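Residue numbers (this note's numbering), protein chains in the order written: chain A, 5 to 98; chain B, 5 to 98; chain C, 5 to 98; chain D, 5 to 98.
Hints in this document: simulated from the structure, not taken from any laboratory. Each hint should be verified, as a subset may be incorrect.
Which copy? The list can't say, so a pair holds if one copy fits it or any two copies do.
[Unchecked claim] With a Cα cut of at most 25 Å, we get these calculated DMTMM-like pairs of lysine to aspartate or glutamate:
#, residue 1, residue 2
1, K35, E6
2, K58, E27
3, K58, E87
4, K83, E6
Since the model is a prediction, treat every value here as computed from it, not as a measurement.
Number of protein chains: 4
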Amino acid sequence: MEKHTHRSESNKHELNNRLRKIEGQVRGLQKMIEEDRYCIDVLVQISAVSAGLKKVGFQLMENHTHHCVSDAVQSGNGKESIEELMRVIKQFSK
Amino acid sequence: MEKHTHRSESNKHELNNRLRKIEGQVRGLQKMIEEDRYCIDVLVQISAVSAGLKKVGFQLMENHTHHCVSDAVQSGNGKESIEELMRVIKQFSK
Amino acid sequence: MEKHTHRSESNKHELNNRLRKIEGQVRGLQKMIEEDRYCIDVLVQISAVSAGLKKVGFQLMENHTHHCVSDAVQSGNGKESIEELMRVIKQFSK
Amino acid sequence: MEKHTHRSESNKHELNNRLRKIEGQVRGLQKMIEEDRYCIDVLVQISAVSAGLKKVGFQLMENHTHHCVSDAVQSGNGKESIEELMRVIKQFSK
């Protein structure tokens, strides 16, 4: 069964606004390739999209730590929750 | 005026295949947020999308160095071309 | 006044063993430069040192979250502690 | 047999000055561990050392591309040289 996290409507709205912007940028990258745009310009745009994705990731990580991890610590299940968080942080900073 | 890079059809095809896959993954992320999927699962998926984007970036960088930078070096304009490449590499490894 | 963290002797021992190894590698890099060793070989060695430093960082981060952050959450001061952790994670993944 | 790169004295001097500073910072980190300094302060300092190492790496990479890679391209051996450079860039941006 899939695990879930309850998110507030305003939080979902903000995250999905950012993700829709990123989706648009990825479509823009396809157009740049199609139009033979200069490699360096495409690479600069890819960096911008990566930075945007990282921001979404950090926002999620921050919410997760303030809510899920804190709750787990308070109910005595902090250990696994923190180990799981650390694994994802390591993967993220690759 | 915009600068251009001539890409082969097979090269464009491969790059845009990857970008379309990434676009689909970004839409998948929005669905995960909508469905309140567990933060850690969303973060793992964001890492996968970032890794995919990096691959597209490295492929472009490699083509660019083999073609544009090599041509510039051979026609005596290597200096600016290499400086431009280094700037984008630094930005990319942030 | 400086803040402190109490570390166990075995923990200090392990961290400082790693740091002493890194110190030796940095001295080795200076020798490579002195001896005009091939750039690519020096760069590969720099990557190894960076990876070693990151490992020390993740070990510290993990200890910090399991102890200091958990304690703060349990005593009701989790918010600032988590914000501080997130700032350092962002800086770290640059 | 080891490959070599000829570096100017001023270039060696600058690189080794930076590396000596980094060596001192790594010794400073050991002292921070010994003195039970606060984890977050140690982590901030580790980030600074990593950033210093990255700078040395980029400087080497830049010199390497301006000299070794350019020479290889001009003498018709650019392909291998660029592939080698790309491998190290990928390793570096991990």
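Quick rundown of the hints versus the structure:
1. Taking the shortest Cα distances, K35 and E6 sit within 25 Å of each other only across copies (14 Å), while inside one copy they are farther apart (36 Å).
2. Taking CA atoms no more than 25 Å apart as the test, K58 paired with E27 passes in both settings, with 14 Å inside one copy and 16 Å between copies.
3. For the homomeric pair K58 and E87, the shortest alpha-carbon distances inside one copy (21 Å) and between copies (17 Å) are both at most 25 Å.
4. Only within a single protomer do K83 and E6 lie at most 25 Å apart by alpha-carbon distance; the minimum there is 21 Å, versus 28 Å between protomers.
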